[in-house]
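Chains as they are written, first to last, in this note's numbering: chain A, 1 to 561; chain B, 1 to 227; chain C, 1 to 138.
There's no promise every hint is true.
Said to hold, decoys possible - Ranges of calculated distance between the beta carbons of each label pair, as one might list FRET restraints:
{"no.": "1", "chain 1": "B", "residue 1": "38", "chain 2": "A", "residue 2": "415", "range": "13 to 21 Å"}
{"no.": "2", "chain 1": "A", "residue 1": "284", "chain 2": "B", "residue 2": "28", "range": "24 to 32 Å"}
{"no.": "3", "chain 1": "B", "residue 1": "27", "chain 2": "A", "residue 2": "531", "range": "46 to 54 Å"}
{"no.": "4", "chain 1": "A", "residue 1": "65", "chain 2": "B", "residue 2": "135", "range": "42 to 50 Å"}
As the list claims (entries may be wrong) - Residues on chain B that point at chain A, a partial pick, calculated with CB under 10 Å:
{"no.": "5", "residue": "155"}
{"no.": "6", "residue": "168"}
{"no.": "7", "residue": "200"}
None of these hints come from the bench; they were simulated from the model. The model shown is predicted, which means the values in this text are computed figures rather than measured ones. For each residue, glycine too, the CB sits at the ideal point set by N, CA and C.
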Amino acid sequence: MSAAPSARLGTRRATLVELLAATDHKRIGLATTATALGFFAAGGILALLMRTELARSGMQFLDHDAYNQLFTMHGTTMILLFAPPVVMGVATYFVPLQLGAAEIVWPRLSLLGYWLYLGGALTVWSGFLTEGGAARWAWFAFLPLSDAASSPGTGGDLWVLGVALSQLGVLLLGCSIMATIVRRRAPGMTLLRMPLFCWSMVATLLMVLVAWPVVLATMVLLFLDRNVTDVFTVGGGSITYQNLFWFFAHPLVYVIFFPLVGVVGEVIATFSRRRFFGYRVTVLSLLLFAALSTSVWAHHMFTTQGVNNRFFSLTSTMIAIPAGIEYFAFLATMWRGRIALRTPMLFALGFVLLFLIGGLSGIFVASPPLDYHAHDSYLVVAHFHYTLFGGTVFGLFAAIFHWFPKVTGRRLSERLGVWQWALMFLGALLTFVPMFVLGYEGMPRQVADYAAFRDWDGLNLLATIGAYLLLVAFLLFAVNVLRSLRIGAPAGPDPWGGQTLEWATASPPPRHNFDRLPPVRSYAPLLDLREERARAERALREAAGGSDAARAPAVHEEPAP
Amino acid sequence: MSDGSGDIRREFTDLFDVYWAIGVAVWLLVAAIVVVFLIRYRARGDEGDDAPAPGRSSNTPLELTYAGLVAAIVAALVYLTFSTMGDPGYRATAQGLDGGDPPADAELIDVTGARWNWRFDYPRRGVSEIGTDVRIPTLTVPEDRPVTLRMTSLDVIHAIWIPERRFKQDVFPGRTTTMTVTFPDQGFWRSGGQCNQFCGLRHAEMAFDIRVLSQGDYAAWTRERAR
Amino acid sequence: MTRVFLGWGALMAAIMLVGLLFVGLDDPDSLALLGGTVAVMAAIAAVLALTGWGGALRGGLRALPDISPPTALLGVAVVLAALGAELGLWLALIGGGLALLAIGGLAREARAQRRALARAREAAAAHGALADRPEEAP
Chain A
1 MSAAPSARLG TRRATLVELL AATDHKRIGL ATTATALGFF AAGGILALLM
51 RTELARSGMQ FLDHDAYNQL FTMHGTTMIL LFAPPVVMGV ATYFVPLQLG
101 AAEIVWPRLS LLGYWLYLGG ALTVWSGFLT EGGAARWAWF AFLPLSDAAS
151 SPGTGGDLWV LGVALSQLGV LLLGCSIMAT IVRRRAPGMT LLRMPLFCWS
201 MVATLLMVLV AWPVVLATMV LLFLDRNVTD VFTVGGGSIT YQNLFWFFAH
251 PLVYVIFFPL VGVVGEVIAT FSRRRFFGYR VTVLSLLLFA ALSTSVWAHH
301 MFTTQGVNNR FFSLTSTMIA IPAGIEYFAF LATMWRGRIA LRTPMLFALG
351 FVLLFLIGGL SGIFVASPPL DYHAHDSYLV VAHFHYTLFG GTVFGLFAAI
401 FHWFPKVTGR RLSERLGVWQ WALMFLGALL TFVPMFVLGY EGMPRQVADY
451 AAFRDWDGLN LLATIGAYLL LVAFLLFAVN VLRSLRIGAP AGPDPWGGQT
501 LEWATASPPP RHNFDRLPPV RSYAPLLDLR EERARAERAL REAAGGSDAA
551 RAPAVHEEPA P
Chain B
1 MSDGSGDIRR EFTDLFDVYW AIGVAVWLLV AAIVVVFLIR YRARGDEGDD
51 APAPGRSSNT PLELTYAGLV AAIVAALVYL TFSTMGDPGY RATAQGLDGG
101 DPPADAELID VTGARWNWRF DYPRRGVSEI GTDVRIPTLT VPEDRPVTLR
151 MTSLDVIHAI WIPERRFKQD VFPGRTTTMT VTFPDQGFWR SGGQCNQFCG
201 LRHAEMAFDI RVLSQGDYAA WTRERAR
Chain C
1 MTRVFLGWGA LMAAIMLVGL LFVGLDDPDS LALLGGTVAV MAAIAAVLAL
51 TGWGGALRGG LRALPDISPP TALLGVAVVL AALGAELGLW LALIGGGLAL
101 LAIGGLAREA RAQRRALARA REAAAAHGAL ADRPEEAP
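Bound conformation, chain A alone:
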């Protein structure tokens, strides 16, 4: 079932050059993921500063200008410098392994993508070091606010350049992954035998191929508008900017969500000891989901009187259909399963419940009459934090807890993981539910302060307490990782009873990934082998005539404390 671990030629630690210039997709994926997690921490610190300031009315320790930089950079960091790179990092590591490939198709392109991402992200943040400070025009940088007259300064230009560079990096990473899916599937792995995660990456990358060139063009045009000549003339031009921006930015939020749908599906299947239910229907629904998500962008513009509200309301509401199909598949996979509630499964179920709040509230704001109240208020802030935090972040931790043993050869602590999960779940509710109420009552988003007579202090304080719970959760995670790297229980090739090919090699995999590939007859090749063995054992028992016949002990590892 599992390949014989190949002799690792020397386990000396890699030199710095080897780490920074590796062509091994696993190293590149790891570097990308680790860098993205670094930016997650940075963006999170900004959020804590914001929440601390907002806990009470009146300015506590920031001024409006500082706050405006903080929320601009928090949004930019999370949604551009953390989330897309992190899914590309995980995919760069695991897509070749799941496909049974020895290598990613364009390793140098992936490596180049990483460096452009890192350089671009640092460029965005270098705005803080300039005299005028970082960009402070919200993460969407609408014109005319972002033009040279309204927002002069180097910090702004660095933001534009950094966004362009970092997203070019993401695009290159994506191209390499897509090419690998096209060209490097194992013998016998037809498209409809690819793991669910790989299909979720196909749907993701279709959107990347279409949307990312648009943001690159938009940033170039914005830079020209700021420094050379008027590109977007006032009036109609600012609508065009928004169309271009949102045409990219709406698929963006699905790009950072779809891969986690794939991960969560695989985790649920693994920990229910079942094959994923409704694979084909789910694959089709992922493609429909991606097509709709590329057709909804102007639901961000319902209040502009510049777009066809009915069309975008229609597509935005229809998107509930593929989402519903996927939820059905998640639940049906658990049905009649043998569910082991380990940490990956906890995070996967957290994703299912918390993302759902985001998805359902999204249907609300897909209705223009409802959106005329909710748009750009804390209602929307709550909505998208449930999709981003409940979706991307919970899904990401499902991926991390699931795949950490494969990447490092060590297990994470289950107990620390459960505590982290509980704090994250509680924190997610405490931080963002009050925001639904605040938004309904009239609190706009992107405000540094609110008047005392509003009586919004209590709810804001609750949200801030929730944010600090999340801080503790993430500190626990850091402790867990550091501890595991030093003294974590060793993990073999397949600590969870996985179903896909990455579990058929050593942990961590050797440079060339596989010594031997198991046969691929479905999207869960290891599960097929396990079922075959179970059938053979049953047949042996029957032949030996009784339930006393010795049964080969099932190989499983005790979860680490």
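Dock chains B and C against the given chain A, drawing on the hints supplied.
Chains B and C alone, transformed into the frame defined by chain A:
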């Protein structure tokens, strides 16, 4: 649903209630299923942890039926949303692509937003109200009559949100957007209107008070201010 | 895989048609963006079909170095060159120079890779093994 006067708060609440009920029901249903499955299908220690659970892994007719059910709910929501949008209350409210001219009897107010304050001009009354650095302006309006705000900006994109009326629209430089609102009750709303599109340093402070007078008092006020 | 691109493009076209025919979608920005999407998908499908690049690769020899410092250098160079647009020509020139160095390094890598591949092919032929169409990693 509407009496055609532009009071959309009731229509908003009706629509919101439907969406809210469906949303809560769906979430509770999924949460209940998850909890029930966790309890019923929890792996028991005596079985080989490794052994796969039996059971079918697809049922396309079932899935398509379920998808049809979701599609039916989606269709209902789209229908309700579209019919609310076509309702005279909203049509008179949002000009632009949803079409429609302001009602003929609407009180006309030209609104200008500029960083970071508001100016209200009453073209038929010869009245102007301008916010200053020390005092935000007051939007004075008559009770129970449609008020059409014709809005434009002198610099960046702003927006006007009147939460109590459940309505907002954006305010652009170089073009005019309109919204028609009816205020059914007299009263004073402190910071009843606020800028709702981030516009820079003092965006959070760019608000205006709203004062709704009886029709008689309003007429008197316009005469007083016009002098 | 060609069919996936083609099929998805068709799906986008269908959505666009629904908009045009049933909900009065007529603004140039929307039509350009949706139409562009369909066009891009059709183009990718065409390229895959014409180059025969759409299917999985089987076997073959590959040569790939463990590290590629010129690639990392190229990434840094591009970042510096872009920053030069803001911070000054001097930085753009530095970036450009480093980029040239990097490209030179990549050329040398490519040559070394071809040589290694040729050696490997000879060795395989000497052992009578069949070498499929070899794929060289860019």
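Going down the list of hints, with the structure as the test:
1. B:38 x A:415: 13 to 21 Å: At roughly 19 Å between Cβ atoms, residue 415 of chain A and residue 38 of chain B fall inside 13 to 21 Å, so the hint holds.
2. A:284 x B:28: 24 to 32 Å: Since residue 284 of chain A and residue 28 of chain B have Cβ atoms about 28 Å apart, the given range 24 to 32 Å holds.
3. B:27 x A:531: 46 to 54 Å: With a Cβ separation near 35 Å, residue 27 of chain B and residue 531 of chain A fall outside 46 to 54 Å, so the hint is violated.
4. A:65 x B:135: 42 to 50 Å: violated (23 Å)
5. 155: holds (7 Å)
6. 168: holds (6 Å)
7. 200: holds (6 Å)
Figure legend: structure checked against the earlier numbered hints; hints not met, in rising order: 3 and 4.
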